[in-house]
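For the record, the sequence lines run as chains A and B. For reference, each letter of the first sequence is one residue, going 0 to 235 in numbering that gives the first Met the number 0. For reference, each letter of the second sequence is one residue, going 0 to 250 in numbering that gives the first Met the number 0.
Rather than coming from a laboratory, the hints here were simulated on the basis of the structure. The reader is advised that the hints may include incorrect statements.
[Unchecked claim] Taking beta-carbon pairs under 7 Å as the criterion, some of the chain A residues facing chain B (in silico):
id: 1; residue: Ile77
id: 2; residue: Gln78
id: 3; residue: Gly84
id: 4; residue: Val90
id: 5; residue: Gly96
id: 6; residue: Val111
id: 7; residue: Gly113
id: 8; residue: Gln129
id: 9; residue: Thr196
id: 10; residue: Asn200
id: 11; residue: Tyr231
id: 12; residue: Lys233
id: 13; residue: Ser234
Yeah, the Cβ is synthetic: ideal placement off N, Cα and C, and Gly gets one too.
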Amino acid sequence: MWLSSSTVGRKVVMSISGLFLILFLTFHMSMNLVALFSAEGYNAVCGFLGANWYALVGTLVLAFGMFVHIIYAFWLTIQNRRARGNVRYAVVDKPKGVEWASQNMLVLGIIVIGVACFHLYHFWYNMQLQEILGKETADVAACVLGSANDLSGVSVHDGYSFIVATFSNPVVVVLYLIWFVAIWFHLTHGFWSALHTLGWNNDIWFNRWKTIANIYTTLLCLGFAVVAVAFYIKSL
Amino acid sequence: MEKTINFTLRVWRQKDAHSKGYFEDHKMEGITGDTSFLEMLDILNERLVREHKEPIVFDHDCREGICGMCSLYVNGHPHGPEGGCTTCQLFMRKFENGSVITVEPWRSAGFPVIKDLMVDRTAYDKIMQAGGYVSVNTGAAQDANAILIPKKVADEAMDAASCIGCGACVAACKNGSAMLFVSAKVSQLALLPQGKVEAARRAKAMVAKMEELGFGNCTNTGACAAECPKCVSLSNIARLNREFIKAKLKD
């Protein structure tokens, strides 16, 4: 299978799974923005994404996409380190025009996935997972790190309360903001790089894609950040 | 009066492919600015020979920037920090008086060190042998209007063909990937009618060979194009990907 046996094929898998994850983030960000305007609206979206068959299929597809992206990332990195050889240069000077992010995608990815686990524990574990297990209320005592409200007893359908509780904790808010910065760096390279790998690029589109990637990623991360900060300010 | 500079040259010495290498410092004095980097090494080697020491081994041939033989990773850049030129076209006036100039060989598993600063680049020849040619005789040059090719396409093919196969792209790449080289060689033919016929087979064969020889996967950092002495564009890699994906989808 050329998607695993050839170097370009493996990169195609990285590109397509990466673009899929960007699409997911776009949906997620749009959904979060609803919480700024309407608690009922947000909970309606949460209800739609509960333990229904279509939401579960969506979750599985998403998990598969993430899994493939991560496995391939480590696989490619191991191969690339081997290709680089054991002896490193004594003097290294970054060439002009090379993005910092492009050379640190794995590290950025590990930060992104690390905080994502923490995030899943806050929301997904309390909501969809509990619903799948047939429970009606969250069973985690609090939002970790102390200061947040006690969440035990909150309905698994009440996503809005989880947001309010989570982002009342300044430590969590700062952690999330760091997370968005890591995502920003990861996507500014990943977005145009994915299209380049798929062959959809040339000398003219090179700068266009980079600009589109920067604008899109910035809007995406700002959308996430606005919700986190707004709920922290509300909690004061 | 031409400026002269004094500096310390820190050179990588390695007895053979299997020995452990080390850096050796040499004091260089009164080197004139119009000395090329390779001439400076010649001056040092002549001194080493006079002192009955082993001269430093480095690759070189035409010394006018077209053969692709010279290499050298100078102060953290393949072909030195100047950009857009090969090591043989790099002049000592670009360096500061009293500085330390570090010279290393290309470091990549695909290009093992033979001795000192010389690396084995036959991997590139093998990739070329895998399909970097047109397999029928296309005859003598045609009249310019016999086969019409848009100016833009001709220019792009010519720019890709300017690749001299020196290996700076692999040396610069943190992934040890040879994609810029392979993409330039695929592009220079795929863009023109004589090469287009075999484009799919060529892309598949050359990519497969590149991988077999242990070069890494491209992550589009762009370090290769930034350090290329012939300024070969990163867009060639997109074209190679396109050719390769099209060929695989057709299979």
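Now for the hints, and whether the structure bears them out:
no., hint, in the structure
1, Ile77, "violated, 10 Å"
2, Gln78, "holds, 6 Å"
3, Gly84, "holds, 4 Å"
4, Val90, "holds, 4 Å"
5, Gly96, "holds, 5 Å"
6, Val111, "violated, 16 Å"
7, Gly113, "violated, 21 Å"
8, Gln129, "violated, 39 Å"
9, Thr196, "holds, 6 Å"
10, Asn200, "holds, 4 Å"
11, Tyr231, "violated, 36 Å"
12, Lys233, "violated, 41 Å"
13, Ser234, "violated, 41 Å"
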